[in-house]
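Protein chains: 2
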Amino acid sequence: MADYKAPLRDMRFVLNEVFEVTKLWAELPALAETVDAETVEAILEEAGKVTSKSIAPLSRAADEEGCHWADGAVTTPAGFPQAYQTYAEGGWVGVGGDPTYGGMGMPKAVSAQVEEMVNSASLSFGLYPMLTAGACLSINAHASDELKAAYLPNMYAGIWAGSMCLTEPHAGTDLGIIRTKAEPQADGSYKVSGTKIFITGGEHDLTENIIHLVLAKLPDAPAGPKGISLFLVPKYRVNADGSLGARNPANCGSIEHKMGIQASATCVMNFDEAVGYLVGEPNKGLAAMFTMMNYERLGVGIQGLATGERSYQNAVEYARDRLQSRSPTGAQNKDKVADPIIVHPDVRRMLLTMKASNEGGRAFSTYVAMQLDTAKFSEDATTRKRAEDLVALLTPVAKAFLTDLGLETTVHGQQVFGGHGYIREWGQEQLVRDVRITQIYEGTNGIQALDLVGRKIVGTGGAFYNLFADEIRHFTATATASADLAEFTKPLNDAVTTLDELTAWLLDRAKNNPNEIGAASVEYLQTFGYVAYAYMWALMAKAAQGKEEQDDFYASKLGTARFYFARLLPRIHSLSASVKAGSESLFLLDAAQF
Amino acid sequence: MADYKAPLRDMRFVLNEVFEVTKLWAELPALAETVDAETVEAILEEAGKVTSKSIAPLSRAADEEGCHWADGAVTTPAGFPQAYQTYAEGGWVGVGGDPTYGGMGMPKAVSAQVEEMVNSASLSFGLYPMLTAGACLSINAHASDELKAAYLPNMYAGIWAGSMCLTEPHAGTDLGIIRTKAEPQADGSYKVSGTKIFITGGEHDLTENIIHLVLAKLPDAPAGPKGISLFLVPKYRVNADGSLGARNPANCGSIEHKMGIQASATCVMNFDEAVGYLVGEPNKGLAAMFTMMNYERLGVGIQGLATGERSYQNAVEYARDRLQSRSPTGAQNKDKVADPIIVHPDVRRMLLTMKASNEGGRAFSTYVAMQLDTAKFSEDATTRKRAEDLVALLTPVAKAFLTDLGLETTVHGQQVFGGHGYIREWGQEQLVRDVRITQIYEGTNGIQALDLVGRKIVGTGGAFYNLFADEIRHFTATATASADLAEFTKPLNDAVTTLDELTAWLLDRAKNNPNEIGAASVEYLQTFGYVAYAYMWALMAKAAQGKEEQDDFYASKLGTARFYFARLLPRIHSLSASVKAGSESLFLLDAAQF
Chain A
434 MADYKAPLRD MRFVLNEVFE VTKLWAELPA LAETVDAETV EAILEEAGKV
484 TSKSIAPLSR AADEEGCHWA DGAVTTPAGF PQAYQTYAEG GWVGVGGDPT
534 YGGMGMPKAV SAQVEEMVNS ASLSFGLYPM LTAGACLSIN AHASDELKAA
584 YLPNMYAGIW AGSMCLTEPH AGTDLGIIRT KAEPQADGSY KVSGTKIFIT
634 GGEHDLTENI IHLVLAKLPD APAGPKGISL FLVPKYRVNA DGSLGARNPA
684 NCGSIEHKMG IQASATCVMN FDEAVGYLVG EPNKGLAAMF TMMNYERLGV
734 GIQGLATGER SYQNAVEYAR DRLQSRSPTG AQNKDKVADP IIVHPDVRRM
784 LLTMKASNEG GRAFSTYVAM QLDTAKFSED ATTRKRAEDL VALLTPVAKA
834 FLTDLGLETT VHGQQVFGGH GYIREWGQEQ LVRDVRITQI YEGTNGIQAL
884 DLVGRKIVGT GGAFYNLFAD EIRHFTATAT ASADLAEFTK PLNDAVTTLD
934 ELTAWLLDRA KNNPNEIGAA SVEYLQTFGY VAYAYMWALM AKAAQGKEEQ
984 DDFYASKLGT ARFYFARLLP RIHSLSASVK AGSESLFLLD AAQF
Chain B
434 MADYKAPLRD MRFVLNEVFE VTKLWAELPA LAETVDAETV EAILEEAGKV
484 TSKSIAPLSR AADEEGCHWA DGAVTTPAGF PQAYQTYAEG GWVGVGGDPT
534 YGGMGMPKAV SAQVEEMVNS ASLSFGLYPM LTAGACLSIN AHASDELKAA
584 YLPNMYAGIW AGSMCLTEPH AGTDLGIIRT KAEPQADGSY KVSGTKIFIT
634 GGEHDLTENI IHLVLAKLPD APAGPKGISL FLVPKYRVNA DGSLGARNPA
684 NCGSIEHKMG IQASATCVMN FDEAVGYLVG EPNKGLAAMF TMMNYERLGV
734 GIQGLATGER SYQNAVEYAR DRLQSRSPTG AQNKDKVADP IIVHPDVRRM
784 LLTMKASNEG GRAFSTYVAM QLDTAKFSED ATTRKRAEDL VALLTPVAKA
834 FLTDLGLETT VHGQQVFGGH GYIREWGQEQ LVRDVRITQI YEGTNGIQAL
884 DLVGRKIVGT GGAFYNLFAD EIRHFTATAT ASADLAEFTK PLNDAVTTLD
934 ELTAWLLDRA KNNPNEIGAA SVEYLQTFGY VAYAYMWALM AKAAQGKEEQ
984 DDFYASKLGT ARFYFARLLP RIHSLSASVK AGSESLFLLD AAQF
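Taken in order, these protein sequences are the chains called A and B.
Quick note, in the numbering used here, the first sequence goes up one by one and the last residue is 1027.
Quick note, in the numbering used here, the second sequence goes up one by one and the last residue is 1027.
Bear in mind the hints are in silico, worked out from the structure with no lab data behind them.
Beta carbons are placed, not taken as given, at the ideal position from N, Cα and C, and that holds for glycine.
Some clues are possibly wrong.
Ranges of calculated distance between the beta carbons of each label pair, as one might list FRET restraints [said to hold, decoys possible]:
hint, chain 1, residue 1, chain 2, residue 2, range
1, B, Pro602, A, Asp768, 17 to 23 Å
2, B, Pro602, A, Lys767, 18 to 24 Å
3, A, Ala656, B, Lys486, 41 to 47 Å
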């Protein structure tokens, strides 16, 4: 496996040249205080170092070793505890955390880059701080000041970790039917009892304490999703002076044996009258959980990109080194027995597909992160509302599309290696196994697509969609003034028109048949994703244009933009044709006829 | 994991109703002697039993256990030796073998069904008899009568196994640069020395002896692919009386740790002056190897389908059982907390994509197998030539397209399980890991696509292509007479027209730029595959039509055909648009700019 190199040049390009992010920050007083270009530069440099030097080298061996479970205790692979301490001491767990409680207060547009780096270094490792940050978001948004003061500082500092306990054996997508119970106690606390599965970081040896956020039902709770409350359940109870108290009966019954992310402990958690504290209001637990959902879902999308980036770096190195056969246009490497495989058109097609997906994903996730920052920090209600609506619209796309392309990317990256891609020591197959979870957890990509089409498109009568489509049209109208950009803006405009028509078709069809939403959803989301990436690639081409002579980086960027429009964007034709075939053909068989 | 059930009903439908295969056999005297409908029925039944009862139950545990290497010896997982003995005693290793030497003499159209079943049961297991059968094909076609008599009977009987030793560390796709040497000896034998990697079944504990077919270079051999010869190198030399003699220095140095097919021993083989015998003529080794290549490549395609079939069976069972959320059109299962997930449109989309891919693949691989049978057994030169050309054209499509869809299918099958799909005990993730090798070995799918486009399309000036396209057009012209079939024949005709245009475009472009072949190849092959499956689905619809009232099987078949045309065939639009974007965008970056 090649050494991981943090793609800082491209991150700077996206932040500073494509989106001119400091302009946004200047408009948001809370950010203007905490972040400037110099700080961000230092953060990118340092995060690049810690992830490439302390974490990335552990990834391959950690996959082989996996986590160990014995008598309820979980041991992470060799090197993880030390690396976690280094990471925590750098303040990286709290990079996006509230400065009131010791967080670094960075906007999501910055912490997104850190997330990419840590997940490129090791997806398994990256999950521990990610779950902690997610738990902190919910606590900070919904818990009492007392709970916040008691828990957030140590969580941001990485001294304690967090976990999110949602799924039960019979209840994954359908959280309305969970059975975990919470009994109110005289002192205002609750006793939480039940079994949760698939709990990432439910138990491990990285931190002194683990703070579980648990969905459970109060005794008098109504049935379904409106009867779910959220509880903070620490592994060790915390004394009034902040020291650790009694061990709570929140125990890890076993860990799962999985396809990948072997170094991430996926736990069965048994709560047996564990002491917990209500976070937010009774029966509003799902809403409290959804506070962090948009951040987490974007983070999972970034995991898809991060894994794809690692695979790409390996594949490019291999394709430059591996000698096999001759270029179709004649030997390029006459003094050797064969040419490097990067001369072959199909190898280039795979590498460029990877590169275009990763760089498009980096721009798109940063764009969505900027909407999250605007929604959180803008002091103008209209601006905030627009950003919130865009976040609602684009989050399921970011989660599902970046991870779908993460699978495609890592599969290409494995294929470039030929037979060696299937051998574990080369590292490429691990990335396929690792990234596959990102399409499944945090709401499967099918669920993301239902969220997009059902709630965000049909549910708003297309209003959220129009915000985004109008922004693209505004860009193409303005940018087309530059004749040099027409090669990008014209196909982008055509693609938006295709998506407009598809959206209108869908809004119309969904009126009469509730099955149309689910029948269209996944392929609609992918069409949307390719159009959104076309917007990103046009923005990047604009930022790169005119500079291609001065720096290879810009020449490469423009070449990749051309590849995207020529070879990837056409995928929308088939996707939209399949959507428009409608739901009929999905219902010709009854369940017994499958 | 659900119990594996051999899909005998569909195999019978394909053989008897779609292709009326006994009519073909009646025209081929050699087959008319060995095979009839009754024999085939018995074979399907028995193969279904042995694969589902003796092999399939081992698959999950064998993946966990893997193979063991110690001091050059390889131990296969628990149960494999006994199961292999059962399989061998049933005559299944020699099911397609030459009756002169004890083979069962079944046509490929029949042995293809057996291959599907054994690979559904366990891809790792299925590789051992497959490699043996492949070695037998080469030996039977090219070795001396003496070698044939000495080796084939025990190999067909499964008492000895075979291996194919091609790849070296620096030479995979590019076999012209291998370094293994063969020194002629006074007695007419050779001493073979060199290192081979990725040797499936190079060493194991399933049989008394292993017969390696090894590519090596004679001392005076010309450079490149025209200087390669093929040698038979037994693990134990065989005495004149047929008993086993001295151990040959053909040793397994280690086994690979892989993504999947853990129970298949992938060996590094060291030959150190091992005694070998020339198979075929000096320097014609690649040609001798290619004799079995079309059979093996079709077999690998069938592995893709086989793995997809296993995943589908599991996914359907899970989708009928798992209760989660409600149908979009209202609760279907009012006495339970939720509906089975098979009510959800997107789950149905995934299941139908799997079903349409598997059944399309079964029909297509049987169709190609019938061409192989015609090419081998027809006594009419014109008929034989036509079949040979079709085999040449369709084999790379079968290998690559069936395995590409195998990955898509198993990924859907995993996704249907949600989080449980990622957990090893459920078995679905194993199928993804296992099937991934089928896109890589036996010539990567990129190499298959180059073979199709470079040799079979451009290399014949489109002549082979026209054979196939004309056959489809003849079918649509005839079948369209039946108004009921127009819903299938019209889009099939349109699809062939799309492929005609793409082929003509490619033939034209390839004249001026040798890079166009590789730039187009993978997506051209996929377009071809979808059109070929459309032909299969139209043939199947024709065979099912009118019977849908009498049997659910036919109703299901027609419904799946409609799904294929509505939701999968449109994929050709994007693929052909990407092909027509040409090679330019692949060459805008130089190697350093990636």
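Evaluation of the provided hints:
1. B:Pro602 / A:Asp768: 17 to 23 Å: holds, 20 Å
2. B:Pro602 / A:Lys767: 18 to 24 Å: Taking Cβ atoms as reference, Pro602 (chain B) and Lys767 (chain A) lie about 23 Å apart, which means the hint holds.
3. A:Ala656 / B:Lys486: 41 to 47 Å: For Ala656 (chain A) and Lys486 (chain B) the Cβ distance comes to about 45 Å; the hint holds.
The structure fails none of the hints (numbered hints given earlier).
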